[in-house]
Structures are given as C-alpha cells and as structure tokens.
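S.K.: Sequence:
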Amino acid sequence: YLGSMVILAIICGLSTAFLGWLFFRDQPEDCGLEMDGSPPQKLGGIDSNLGSPQNTTAKDLPLEEVRKSFTFWIFTMGMASSSLIITGFTFHIASIGEMAGLDRSAIYSIFLPISIISVITNFTSGWLSDRIPLKYLLMVLVLSLGLGSFGMLYLHETIGRVLVIIGYGIQGGVWGCLSVVTWPRFYGRKHLGAISGLFMGVVIFASAIGPAFYGISQQVTGSYDTSAWVAVFMNLVIFVGAFKAHKAISFE
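Heads up: the sequence shown begins at 19 in the numbering used here, then just goes up one per residue.
It should be emphasised that the hints constitute simulated quantities derived from the structure, not laboratory data.
Worth double-checking, as some hints may not be accurate.
As the list claims (entries may be wrong) - The list that follows gives simulated cross-link-like pairs (lysine-lysine, DSS-like), each with its CA atoms no further than 25 Å apart:
1. K208 x K86
2. K208 x K77
3. K77 x K262
4. K262 x K86
When you get a sec, could you build the whole thing from the sequences and use the hints?
M.R.: Here's what the structure looks like:
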C-alpha cells in the first residue's frame, strides 16, 4: 500500500493546492459577489423568499454573545451528535457487521449508497437553506441520525440496512450544508473564526469519544444495541429542542 499512498498523496496534494489557488477567495466581495444574494428588499417575484429574515443577520455577533445563545448550542449539539455517531459506527463497522451476521464485504457495501444519498442531499439542503428556516434542516439531520441508529438495531435484516443507508446518507448531506451555512447566516462573518473554532472544538471532541462510546456499549452489554438506543433518544431530545431555536436577527 505504500506506493499507492504516496501516489495518492502527491495527486491529491498538488491538485487540491492548485484548485484552492484557482478558485478560493477570502470573501465573495473579492469576486464582485454578495454573500447569499441581495437583501430581501432588493428581491422580487419568485425569488422574494431568498435571504429570508428567518435565515439572515443584521450585524456581526461576537463569540461572547453567541456562547449564550440556545440556538448556537442546539445546532452544535445536533452536528456533534452526527460526528459522535458516524465516527463510532465507522470505527466499529466490522464488529457491528459481524454481530449482525454479515461478512466484511456485505457490511462495507453500505457505504457506497450512503455516499450517493449524501451527495444528493447536500445539494438539496443547500437549495432549501435559502428558502426555509435552518432549524428545519437541523430537525431533518437529527431525525435521520435517529432513523439510522434505529436501523442499526436490525442490521441483520434488510429493512435495518435500508434504514441505516437512508438515515446516515441523508444526515451526511445535511451536515455538510449546516456546518458551512449556519454560522455566517446567523452571526455574521466578522467573528466567524472564533465561532467556527468553538463549534469545531465540540465536534472534534464528540468525534474523538464516538469510538469509545460504541466500544463501552459492546464491552459492558455484549452488543451495540445500548449505544444505538442512546443515539436514538439523544437525537429525539435534540429534535424537540430544535423547535426552540429562535430566528436570527433580521434585516430592518
């Protein structure tokens, strides 16, 4: 594998660096663009809902204020839940499949349809993020996580694998959208680095404990069912909390 890894590193490293230099800019204004289009008062007709006050902010909020926001924490907990569950599930995938009576090729085969659904969902959620309050996408995210975790309980059956594929596939696409769109949309860009840093710190911590979370479940109870039920319950709690996520400060 050494040769293939070296070749892959060279190809990915050089191509990614070139694409970054070619396409990436510090801010949309450098390209004569306005982030998320024009404010609502400049829009008309069928696009009048784009830049909805439910999804926009009038000022840049500092981290000190953001940390006191229930909305910040409910979104962060939802996305951290995804990192914990998916990392733990992936880390123990061979063992989970073995306990479900599946060989490695069978259990690994679920990743391809999951990735396909994630790509489609990412484009769809990106389109929807301009048209509906972001808390509804958060609800879809945690419901999908709960659905996939419930399917894990029946992984030995076809319906269980279908639920895992659909649930974890949808959440992957929605997570990719929310992790990029939410913070500048709600809190502006001036303090985006600090806000994103706190968010990523929580997400990385959740990702780090995910394998241990699943591993302890297997070690103590002899199966992964306990971790799956905890994941289902945890995401139902976040789903209920998402109803309390307030709108961002709107344009005046």
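S.K.: So, for every hint listed, does it hold in this structure?
M.R.: Against the structure, the hints:
no.	hint	result
1	K208 x K86	18 Å, holds
2	K208 x K77	9 Å, holds
3	K77 x K262	22 Å, holds
4	K262 x K86	14 Å, holds
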